[in-house]
Each structure stands twice: as C-alpha cells, then as structure tokens.
Amino acid sequence: MEAILAAAANIFEPSTLLVLMIGTVVGLFVGALPGLSSTMGVALCIPITFGMDPANALVLLGAIYTSSVFGGSITAILLRTPGTDASIATTFDGYPMAQRGEGAQAIGMALVASLVGGVFSVFVLLFVAPPLSRLALLFGPQEYVYLTIFGMISILGVSGGNPTKAFISAAFGLLLATVGFDLFTGYPRLTFGQDELFEGVPLLPALIGIFSVSQAISLCTGEADIGAGNMIKTKGRTLPAWSVIRRCGRTLFKSSLIGSAIGILPGAGTSVAAFISYDEARRRSKTPEAFGKGEIEGVAAPEAANNAVTGGSLVPALTLGIPGNAVTAVFIGGLTIHGLVPGPRLFTDHAEIVYTLIFSLFLANLAFAALGLFAAPWVARVVKVPSAVLGPTIIVFSIIGSYALRNSLFDVWLVLGFGVLGYFMERWRIPGAPLVIALVLGPILETNLRRSLQISGGDWMIFFTSPLSYAIMALIVLTLAYPVFARRQKNRREANES
Amino acid sequence: MKRDTWVAVAVMAIAAFAAWDVYDLKRGAAFFPLLMSAALFLGGAVLFVASLRRPAPAADAAPEGSDTEEAKSIWVPLLEVVVLTAVFAVAMPWIGFYPATFLYLAVFFALRSELSRLTGLAVAVAMTVLIFVIFSLLLAVPTPVGPLAAYL
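Protein chains in written order, with my numbering: chain P, 1 to 498; chain S, 1 to 152.
Careful: at least some of the hints might be erroneous.
[Said to hold, decoys possible] If you anchor each label on the Cβ, the simulated ranges turn out as follows:
| id | chain 1 | residue 1 | chain 2 | residue 2 | range |
| --- | --- | --- | --- | --- | --- |
| 1 | P | S285 | S | W6 | 29 to 37 Å |
| 2 | S | A13 | P | E13 | 32 to 40 Å |
| 3 | P | E2 | S | V83 | 32 to 40 Å |
| 4 | P | A9 | S | L118 | 47 to 55 Å |
| 5 | S | K26 | P | R493 | 51 to 59 Å |
| 6 | S | V133 | P | A8 | 29 to 37 Å |
| 7 | P | F253 | S | V83 | 51 to 59 Å |
| 8 | S | W94 | P | G140 | 27 to 35 Å |
| 9 | P | K490 | S | A45 | 26 to 34 Å |
Just so you know, these hints were derived from the structure itself, not from any lab.
Note that beta-carbon positions come from the ideal geometry of N, C-alpha and C, so glycine has one too.
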C-alpha cells in the first residue's frame with residue numbers, strides 16, 4: 001500500500017509529468033508515421049532513458065507505447081495510411097467516414113475508444129499483475145521452462161506467414177542467446193574471441209538493429225516510402241455525441257475485453273486484437289452490411305481493442321519476464337538496462353517503480369486523448385516528411401543509441417549488422433519478432449532447463465511432477481490444437497454455407 | 001536454385017558451424033547450444049525440402065521465395081546506403097560523432113533525396129544540431145570525439 005501511495009505521489013512530480021508529455025507526443029508522431037512502429041519507437045528511445053531514474057524511464061517508454069498505438073489511427077482515418085499494423089482495421093470504416101466529411105467524428109470515436117480500451121487495460125494490469133506475480137513466486141524452474149516454451153509456441157502460431165520461417169527465426173534467436181560465458185561453467189561459447197561478446201549478444205543493439213535500422217534502410221532505399229495520398233480535411237465537432245458513445249458502449253466494452261485478453265496471452269498483438277474485435281462487432285451488429293462503408297462502430301471496435309492490448313501485454317512481461325510480443329520484448333530490454341529484472345520479484349523489490357509505471361499509463365491515455373483532440377490534423381501532416389530524410393536520421397539515432405549503452409564501437413557495428421540482417425529477413429519474409437523474443441527468453445529457458453536437470457540429477461521426469469507444470473502443459477496443448485480446431489470449424493462452416 | 005533454397009542452405013550451414021564450434025565444451029556447456037543448433041538445422045532442412053517441392057514460379061508472377069521477385073532487386077540503392085553508413089561508422093571515431101553525422105546526412109541527402117543541395121545542407125545542419133541538443137546537452141550521452149576532431 002505504501003508503494004502505491006508513493007507511486008501516486010511520484011506520478012504528479014513535475015519531472016515525471018514532463019517525461020510523460022514528451023513520451024506521449026513522441027508516441028503520437030511515431031505511431032502516425034507509416035514505417036515506424038511502436039516497437040521501433042520504444043527501442044529507439046531506450047538509450048535516451050540512460051540518464052533518467054528508472055521510474056521516469058519506464059514512464060517515457062510506457063507513454064510512447066500507449067500513444068503510438070493511437071497515433072497510427074489518425075493517418076489511417078485521414079489518409080487511409082495506417083501508421084502501424086494496429087490501425088489497419090481502422091481504415092475499413094474510418095477512411096470512408098472521412099470521405100463522407102465525418103473525419104473529425106471518426107477521429108473522435110477513435111480517441112474515445114482508444115481511451116476506453118487503454119484505461120480498461122491499465123485496470124487489468126493493476127488488478128491482474130500483482131496476484132499473478134504472487135502466484136509466479138510459486139513457480140519453480142520446471143514451470144519456467146514450460147512458460148518459455150508456451151511463449152515461444154504462441155508467438156510462432158500467430159507470427160503470420162510461413163511457420164517454418166518463424167521457427168527458424170526463433171531457433172536462431174535462441175542460438176544467439178547462448179553466445180557468451182556459460183553461466184554454469186564459465187566456458188565462453190560462440191564468442192569467436194571477441195571480448196565484447198563474453199557477456200552475450202547485447203539485447204539493445206539487437207533490438208534497435210532488427211526493428212529500427214532495418215526499417216530505416218527500407219526507408220533509405222525507397223522501399224518503404226511513406227508518401228501518402230491527399231489528406232482529407234476535418235471539420236465539425238470531434239467528440240462523438242453521448243448517444244453515439246452509448247450505442248457503441250457494448251462494442252467498446254467487448255473490444256476492450258478482447259484486447260486485454262489477447263494482450264495477456266503471448267503471441268498475438270495489437271493488429272490481431274483489432275481484427276478480431278472488428279469481426280466480432282460486425283457479426284453482432286444489427287447492420288453488418290454498413291461495416292466497411294463508414295460505420296462508426298467499425299472504428300470503435302479496433303481502436304478499443306488495439307489500445308487494450310497495451311496494458312494486458314505488460315502483465316506477463318512484468319510479472320513473469322515473458323514478453324508476449326515484440327514491443328514488450330523491447331520493454332524488457334528497457335527494464336534490464338536500469339537493473340530491473342522482470343519477474344515476480346519486481347512487484348515486491350521495486351513496487352514503487354512498477355506502480356508509477358501503471359499509474360503513468362492512466363495519465364498517458366488521458367494525455368494522448370487530450371492531445372489527439374486538438375492536434376490530430378497536425379500529427380497527420382508528419383507523413384509529409386520525406387523517407388530519404390527520415391531514414392538516415394533514424395540510422396544516426398540508432399548508432400548513437402547503441403554506442404551510448406557501454407561506449408562501445410563494437411555495438412555500433414553490431415547494430416548495423418543486425419540492421420542488415422533484419423532488412424534481409426524482412427525481404428525473405430522471415431519474421432524478426434520471434435528472433436528478438438527468443439533472445440529474451442533464451443537465457444530464461446536454458447537456465448531453468450539446466451537448473452531443473454541439476455536438481456533432479458539429470459532425471460527428465462522432473463518436468464512431469466507438479467500440478468502447475470501440468471496446467472501450463474495443458475495451455476501448450478491447447479495452443480497447438482487451436483489452429484487445427486479453428487481450421488475444421490471454418491471448413492465445416494464453409495461446407496454448411498455452400 | 002530458388003531464393004528460399006539458398007536461405008535454407010545458409011541456415012543449415014550456420015547451425016552446423018555453431019554445433020561444430022561448441023560440441024567439445026565440457027560439463028554441459030554445449031548441451032543447450034547443440035540443442036538449438038539441431039532445431040535451427042531442422043528448420044533449415046524443412047525449408048529446403050519445401051522450397052524444392054514448390055513449383056517454379058511463372059515468369060510474370062513473383063510469389064514468396066522466388067527468384068523473379070529478387071530480380072526486381074534494389075541492390076544498387078541498398079549498397080549505397082550500406083556503404084555510406086559503414087563509412088560513417090568508420091569515420092565517427094576519427095573525426096568525431098557530430099562532424100561525421102553532418103557529413104553523413106549531407107552526402108546522403110545529396111545522393112539519395114530530392115532535396116536541393118542548399119536545402120539538403122540546411123536539413124543536415126538542423127538535424128545535427130537537434131541530435132546534439134538531445135544527446136549532448138539534454139541527456140549528456142558521451143559521443144566519440146576522435147583525434148582529428150582535436151584539430152578542428
């Protein structure tokens with residue numbers, strides 16, 4: 001309780017509020033710029049947090065994460081150019097609304113929905129994370145082995161595209177995670193005589209390289225041109241009428257619930273939540289035929305869901321140290337450079353910092369809503385920045401950011417190497433997220449696997465002894481069985497329809 | 001060979017090399033890297049077989065993993081970007097981070113943007129100043145200074 005009160009006081013410190021506002025503005029622009037993702041925004045800003053105290057650092061990263069998800073919807077509505085994947089579903093009805101001259105109302109609904117979804121997810125984080133962290137204190141090494149396997153399988157299942165390539169990406173990440181001194185024996189592994197690799201592949205250059213530099217290279221070469229069409233001008237009242245909000249109330253609540261649940265589960269992210277909620281809203285609507293033609297509920301559903309993912313996705317990241325998606329993997333990178341080890345002890349050892357983050361997410365939701373209300377048309381103009389200016393600037397930011405970690409030129413080359421690797425992975429349609437998540441999960445998996453076997457004297461039956469292990473095992477089986485089940489259901493439905 | 005076939009061969013080669021590098025480590029240190037090498041090799045092998053079984057693409061189509069898609073490559077601009085950035089990284093510890101940043105951006109804008117020479121220079125100066133204000137003045141992040149910078 002003391003920690004909660006101290007955090008509540010912290011959040012209103014002028015420096016914290018300033019950091020929060022900066023993070024919100026940066027997030028809005030990062031989100032609005034097609035080609036820049038929430039993950040990239042958070043990754044690029046981690047080096048900026050070096051000199052900050054840990055609480056403010058997390059407030060900055062949290063604000064960028066939260067507001068960038070909303071920022072993408074502004075350009076999705078006004079330009080039919082979703083700033084991030086999370087806003088693709090918003091274009092379906094947001095842009096037709098804007099074409100009809102209701103762009104301001106569409107942005108207003110996106111604002112309200114994002115605010116509702118975001119605040120709902122913060123409540124989920126506030127009330128689910130602490131009990132989960134207490135439960136996680138009961139986890140032994142074998143449960144952590146299952147948890148990391150569960151996380152990896154979920155990520156592979158929903159990473160999209162070719163599952164073999166997602167598997168290769170994850171396996172490569174797990175292999176890279178073994179680079180450096182073996183924690184149990186002290187043997188250097190896969191370091192090729194490089195002193196800088198003795199402590200392992202540093203997470204930050206890998207994150208920045210895969211998510212930022214690779215995208216910046218695409219911008220520089222003109223492949224990811226952000227040049228968008230003509231922006232539709234907004235006019236009229238922005239905030240939707242109370243009767244409209246009431247009509248969408250059920251959709252807002254259901255989408256927030258879907259988004260938070262999807263956020264908690266590893267694998268799926270903001271875009272999956274937005275699509276599922278959009279589909280659900282259309283199926284339950286009395287006028288499903290209006291969807292896709294400028295139905296305001298079609299804006300409310302994906303926007304509530306994608307922002308509801310933010311708080312939910314931080315639940316497993318903060319309580320278990322298991323990132324559910326790429327942006328929370330980056331978030332974990334941000335925590336570790338400030339000496340904070342994500343996991344159940346975070347809520348006991350650094351409760352004040354964690355609650356400051358949670359409360360700041362409330363304020364970040366309010367801040368982006370307030371800013372978005374007045375600044376949306378100006379934020380949308382950011383897409384006019386030429387790719388050839390944005391690309392090299394991001395590369396310079398990435399280089400100085402990775403250098404600042406430990407004043408090492410080796411890390412500069414590492415970030416460029418990962419950038420080129422990430423660029424080719426994208427071209428070859430090998431997803432980068434499993435690699436980065438595997439880099440975070442690899443040490444957890446190896447340490448707990450070997451610790452379990454040490455405890456049992458090499459007996460693998462230790463993995464089949466505790467009820468908690470069986471529970472997580474059941475989740476793994478369900479995750480593996482779900483795609484088969486879903487495919488059968490779909491085939492059956494199609495057969496019935498035909 | 002199709003692009004995916006090459007990718008699969010490269011993946012299997014990386015896995016085999018990693019396994020070779022760690023296999024003689026004692027006391028369990030090799031266990032996990034070997035396991036992951038095996039997983040990576042398996043993934044490469046599955047991709048290899050799948051790429052061979054996939055029918056050759058039509059000349060006008062460019063499906064995933066095909067050579068025709070690669071034919072529309074952007075190797076020249078990519079090489080320009082990579083070489084310019086590599087020169088920037090090499091120059092940075094010699095001439096200092098901020099002079100290198102200015103030169104990198106100015107040359108980049110001149111070569112790869114549609115900005116006029118003067119606008120490009122002005123944007124390069126503005127960006128360098130902005131980066132200096134953020135990283136050196138506000139955040140006090142140490143940057144490479146370099147021996148040549150002492151003479152500037």
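Checked hints:
{"no.": "1", "hint": "S285(P) - W6(S): 29 to 37 Å", "result": "violated (48 Å)"}
{"no.": "2", "hint": "A13(S) - E13(P): 32 to 40 Å", "result": "violated (54 Å)"}
{"no.": "3", "hint": "E2(P) - V83(S): 32 to 40 Å", "result": "violated (57 Å)"}
{"no.": "4", "hint": "A9(P) - L118(S): 47 to 55 Å", "result": "holds (52 Å)"}
{"no.": "5", "hint": "K26(S) - R493(P): 51 to 59 Å", "result": "holds (57 Å)"}
{"no.": "6", "hint": "V133(S) - A8(P): 29 to 37 Å", "result": "holds (33 Å)"}
{"no.": "7", "hint": "F253(P) - V83(S): 51 to 59 Å", "result": "holds (54 Å)"}
{"no.": "8", "hint": "W94(S) - G140(P): 27 to 35 Å", "result": "violated (53 Å)"}
{"no.": "9", "hint": "K490(P) - A45(S): 26 to 34 Å", "result": "holds (30 Å)"}
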